[in-house]
Amino acid sequence: MFEVSNERIDVEQLRKGIKNPKSGGVCIFEGWARNQNEGRTVRQLEYEVYEPLAALEGEKVIAEALQKFPFLEASCVHRSGLLEIGDCAVWVGVSSPHRDEAFKACRFIIDAIKIHLPIWKKEHYVDGDSGWVNCERCSNALSL
Amino acid sequence: MKKITVRYFAIFREHAGLNEETLELDARTALDVFELTQNRHGSIEPTGHCKVAINDEMADWSSAVSDGDTVLLFPPVAGG
Numbered sequence: 174m175f176e177v178s179n180e181r182i183d184v185e186q187l188r189k190g191i192k193n194p195k196s197g198g199v200c201i202f203e204g205w206a207r208n209q210n211e212g213r214t215v216r217q218l219e220y221e222v223y224e225p226l227a228a229l230e231g232e233k234v235i236a237e238a239l240q241k242f243p244f245l246e247a248s249c250v251h252r253s254g255l256l257e258i259g260d261c262a263v264w265v266g267v268s269s270p271h272r273d274e275a276f277k278a279c280r281f282i283i284d285a286i287k288i289h290l291p292i293w294k295k296e297h298y299v300d301g302d303s304g305w306v307n308c309e310r311c312s313n314a315l316s317l
Numbered sequence: 098m099k100k101i102t103v104r105y106f107a108i109f110r111e112h113a114g115l116n117e118e119t120l121e122l123d124a125r126t127a128l129d130v131f132e133l134t135q136n137r138h139g140s141i142e143p144t145g146h147c148k149v150a151i152n153d154e155m156a157d158w159s160s161a162v163s164d165g166d167t168v169l170l171f172p173p174v175a176g177g
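First to last, the sequence lines map onto chains R and G.
For what it's worth, my numbering labels the leading residue of the first sequence as 174, then goes sequentially.
For what it's worth, my numbering labels the leading residue of the second sequence as 98, then goes sequentially.
By construction, these hints were calculated from the structure, which means they are not laboratory data.
Certain hints may be false.
[Stated by the list, open to error] DEER-style ranges, computed between Cβ atoms: (1) R:Asp-300 <-> G:Gly-114: 21 to 31 Å; (2) R:Asn-210 <-> G:Gly-145: 18 to 28 Å; (3) G:Ser-159 <-> R:Pro-225: 16 to 26 Å; (4) R:Arg-310 <-> G:Met-98: 27 to 37 Å; (5) R:Phe-276 <-> G:Met-98: 46 to 56 Å; (6) R:Gln-186 <-> G:Leu-133: 45 to 55 Å; (7) R:His-271 <-> G:Glu-118: 47 to 57 Å; (8) G:Asp-164 <-> R:Arg-188: 42 to 52 Å; (9) R:Trp-205 <-> G:Glu-121: 43 to 53 Å; (10) G:Glu-132 <-> R:Tyr-298: 29 to 39 Å; (11) R:Gln-209 <-> G:Thr-119: 34 to 44 Å; (12) G:Asp-157 <-> R:Glu-185: 35 to 45 Å; (13) G:Asn-116 <-> R:Val-299: 23 to 33 Å; (14) G:Glu-118 <-> R:Arg-188: 41 to 51 Å.
Quick reminder that beta carbons are idealized off the backbone N, C-alpha and C, glycines included.
Pulled out of the complex, with its shape left as it was, chain G reads as follows:
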């Protein structure tokens, strides 16, 4: 198990009802974190629509997560 801080943005934050939380997760990748927190952010389809960052750096869903990491879950963006 790894201690991971998960941050939620926009619609994910509204669904979760909080900005961030630190969880003990059995997660190997960013995708694992997304899936293990699905009951919080409410989305089931990250690939191609949502983005992820680890410790303030954009990452891929296959990126490895380590104990103490902060994983930022971004719903589909809509700038401009």
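Bound conformation, chain R alone:
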């Protein structure tokens, strides 16, 4: 299950959702909004998500993970909108009979989500400035 949420991520609820009597363990990754990036102090994060395609691609990532590392349950939720420092930005949970598949699938899912989904992150800094992460080339191009 992959979802985009504009609301605070309820990690306890998600954890319950991947329980399975056949599972011997769960591997969970939580990505948090941090207050530092490349030497700048971040005040807030803002995620823009193109939901129709993010949902489709997110489900594809989970399906691909299931093929590579057979597990029993997996769930991933990514935030959209404005986040405060410390908020959970992305949650990935995988439960499986044994830990190896859970660790590997969880790592695969978060790595693929970061690469493939149409999601953009804007950092708002304490000095009042802001910037889109990974878009330096786009900004530089404008001044050419």
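Position chain G relative to chain R; hints supplied.
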């Protein structure tokens, strides 16, 4: 000429000052659309960094565009 609706996201939307527009473009591929709208989105280097979708399906820069298509131009993504 083809009538193409171009949608801009994140930094591209901010550069363009609008979410989308319908243009008459002499475009054969998604890359042509990217290049013909460069004065809007402001980026000159799509390959390997930016992504493109056509009619809500992820596409390659070499994908053909047709009259009436909606081309979505995605700047470098940064989920997680």
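Structure-based check of all given hints:
no.	hint	in the structure
1	R:Asp-300 <-> G:Gly-114: 21 to 31 Å	holds (24 Å)
2	R:Asn-210 <-> G:Gly-145: 18 to 28 Å	holds (22 Å)
3	G:Ser-159 <-> R:Pro-225: 16 to 26 Å	holds (23 Å)
4	R:Arg-310 <-> G:Met-98: 27 to 37 Å	holds (30 Å)
5	R:Phe-276 <-> G:Met-98: 46 to 56 Å	holds (53 Å)
6	R:Gln-186 <-> G:Leu-133: 45 to 55 Å	holds (47 Å)
7	R:His-271 <-> G:Glu-118: 47 to 57 Å	holds (53 Å)
8	G:Asp-164 <-> R:Arg-188: 42 to 52 Å	holds (49 Å)
9	R:Trp-205 <-> G:Glu-121: 43 to 53 Å	holds (46 Å)
10	G:Glu-132 <-> R:Tyr-298: 29 to 39 Å	holds (32 Å)
11	R:Gln-209 <-> G:Thr-119: 34 to 44 Å	holds (42 Å)
12	G:Asp-157 <-> R:Glu-185: 35 to 45 Å	holds (41 Å)
13	G:Asn-116 <-> R:Val-299: 23 to 33 Å	holds (29 Å)
14	G:Glu-118 <-> R:Arg-188: 41 to 51 Å	holds (44 Å)
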